[in-house]
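Taken in sequence, the protein lines are chains A and B.
According to our numbering, the first sequence is numbered sequentially starting from 1.
According to our numbering, the second sequence is numbered sequentially starting from 258.
Some hints here could point you the wrong way.
Below, a sample of chain B positions facing chain A; criterion: calculated Cβ distance under 10 Å [to be verified]:
| no. | residue |
| --- | --- |
| 1 | 297 |
| 2 | 299 |
| 3 | 393 |
| 4 | 399 |
| 5 | 455 |
Below, a list of computed lysine to aspartate or glutamate pairs in the DMTMM-like style, where the Cα atoms sit at most 25 Å apart [to be verified]:
| no. | chain 1 | residue 1 | chain 2 | residue 2 |
| --- | --- | --- | --- | --- |
| 6 | A | 30 | B | 489 |
| 7 | B | 431 | B | 314 |
| 8 | B | 287 | A | 217 |
| 9 | A | 9 | A | 89 |
Keep in mind the hints are simulated off the structure, nothing from the lab.
Every residue, glycine too, gets a C-beta built ideally from N, C-alpha and C.
Number of protein chains: 2
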Amino acid sequence: MVGVTEQEKIWTAALLVIGDEILSGRTQDKNIAQVAMWLNEQGIRLAEVRVVPDQTDRIADSVNALRASHDYLFTTGGIGPTHDDITVDAMAAAFGVPVVIHSEARRILENYYLNRPGGLTDARLRMARVPEGAELIRNPYSGAPGIRMGNVFILAGVPNIAASMLEGLTGRLKGGRPIVSVTIGARAAESDVADLLRETEAAHPGVAIGSYPFFSEGRHGANFVIRSEDGELARLTGTELSLRLREAGYEPVQGGI
Amino acid sequence: MVGVTEQEKIWTAALLVIGDEILSGRTQDKNIAQVAMWLNEQGIRLAEVRVVPDQTDRIADSVNALRASHDYLFTTGGIGPTHDDITVDAMAAAFGVPVVIHSEARRILENYYLNRPGGLTDARLRMARVPEGAELIRNPYSGAPGIRMGNVFILAGVPNIAASMLEGLTGRLKGGRPIVSVTIGARAAESDVADLLRETEAAHPGVAIGSYPFFSEGRHGANFVIRSEDGELARLTGTELSLRLREAGYEPVQGGI
């Protein structure tokens, strides 16, 4: 067996989406795609997502399963000021530590609400609660910070606040090589080019080709996404796939349709 | 302990979203919300979602975990004609049965491709493969059927094809009482009404109130979603919450903002 260097290691993350509003269908999740794209830029692969309801035991169990099986765990949702925001309590239960008021978080909130009506109420002070031992993730957008607890990163559920917290973490997590993806589209029914796709993938170990069909303007089409940690290999495979599609009578569209 | 009748039982389902395209962030998932809303109409609660990559063992492990812990398991993705469509193989592995060609699925596909260019190619015939013992879920949209295997329902990943398969299942699954939800919106920062929300929820056992903040047109606002299996109770709680909001100086908006 050959030793794996840090460069070669595949870094993985899981995402735990917390919220009844996602499971009821009321809210269309936008954090999965956003966290996935951001992780990819950090050279970290999103390997698993779970969505659980606002229930302490369900959250805690998932946290403990996922933080053990991945390099990183991100969570979204449940860190606001209302009674249904129980992520911090569930996280503390998962880690077996008490919930405490984080003094720096308290200062940030005091400052943020200084000239706002009502000031720092008890409800707002809830947003300074953290599992004992946690660090803060800065959030320039709305004051209330995210929370880091070991390899777990606790983000807000509102997508633009989550984005602001991710921005604060950019470049600060250890990762490997980002995955490069090249997309080729064609007005082909994917079943007509299935052999061609399989053969192209088989001829280039280290790439994965995904096929994503659509039907628009009365015609079938598909986008073929070539993904690899080796950018040169991804581009080369893209060029060859384009060539093969053209030979088969389909005009390839660089970047997809 | 009082016996639980079928009417009182809470029916739950899990959803397994299968696909590298979701985990890479390339595709924004639309099936979670769609399946959630459909299940709710059937009186079944979506209790958990997982997203896994196109890897046989990861799919099979999740299938076995989720089908055991819920009344129903739905999956989306990976049942097309290309090499990256491996859901059927993973499902067969999970159930410990071989993959076979389903004779009725074959007939459906033969008929569908009868007057289409190329006819029923080997790649298209892949879509007639099922785990041994499976039944079909009709799909008027594109011919290729979904698959039912015990309490597992295998749907397409393309949202409108998944919708068509769900339509075919409407009213055919055992469920309980649908959850009724009532939404009240207000131009209030949720931290200002946190106590009011907690008290209203506590005063009405059997309801859950979720608070979903937003910021638009330069002002804070939030929608409060009251959910209950008891429709009358949900409406009553909505009326009371509106009253309390008005008393606190916020004009409630029925149906949310």
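Status of the hints after comparison with the structure:
About 6 Å separates the beta-carbon of residue 297 of chain B from the nearest beta-carbon of chain A, less than 10 Å, and the hint is met. Because the smallest distance between the Cβ of residue 299 of chain B and any Cβ of chain A comes to about 12 Å, over 10 Å, the interface hint for this residue is violated. Violation of the interface hint for residue 393 of chain B is found here, the shortest Cβ-Cβ separation to chain A being roughly 18 Å, above the 10 Å cut-off. Proximity of residue 399 of chain B to chain A holds as hinted, the smallest CB-CB distance being about 8 Å (cut-off 10 Å).
Satisfaction of the interface hint for residue 455 of chain B is found here, the shortest Cβ-Cβ separation to chain A being roughly 4 Å, below the 10 Å cut-off. A distance of roughly 32 Å separates the Cα atoms of residue 30 of chain A and residue 489 of chain B; the hinted pair therefore is violated under the 25 Å criterion. Under the criterion of a C-alpha separation no larger than 25 Å, the hint pairing residue 431 of chain B with residue 314 of chain B is inconsistent with the structure, at around 30 Å. Between residue 287 of chain B and residue 217 of chain A the alpha-carbon distance is near 21 Å, which keeps this suggested pair within the 25 Å criterion.
Taking the CA atoms of residue 9 of chain A and residue 89 of chain A, the gap is about 33 Å. The hint is violated against a cut of 25 Å.
In summary, the structure is inconsistent with hints 2, 3, 6, 7 and 9 from the numbered list given earlier, while agreeing with the others.
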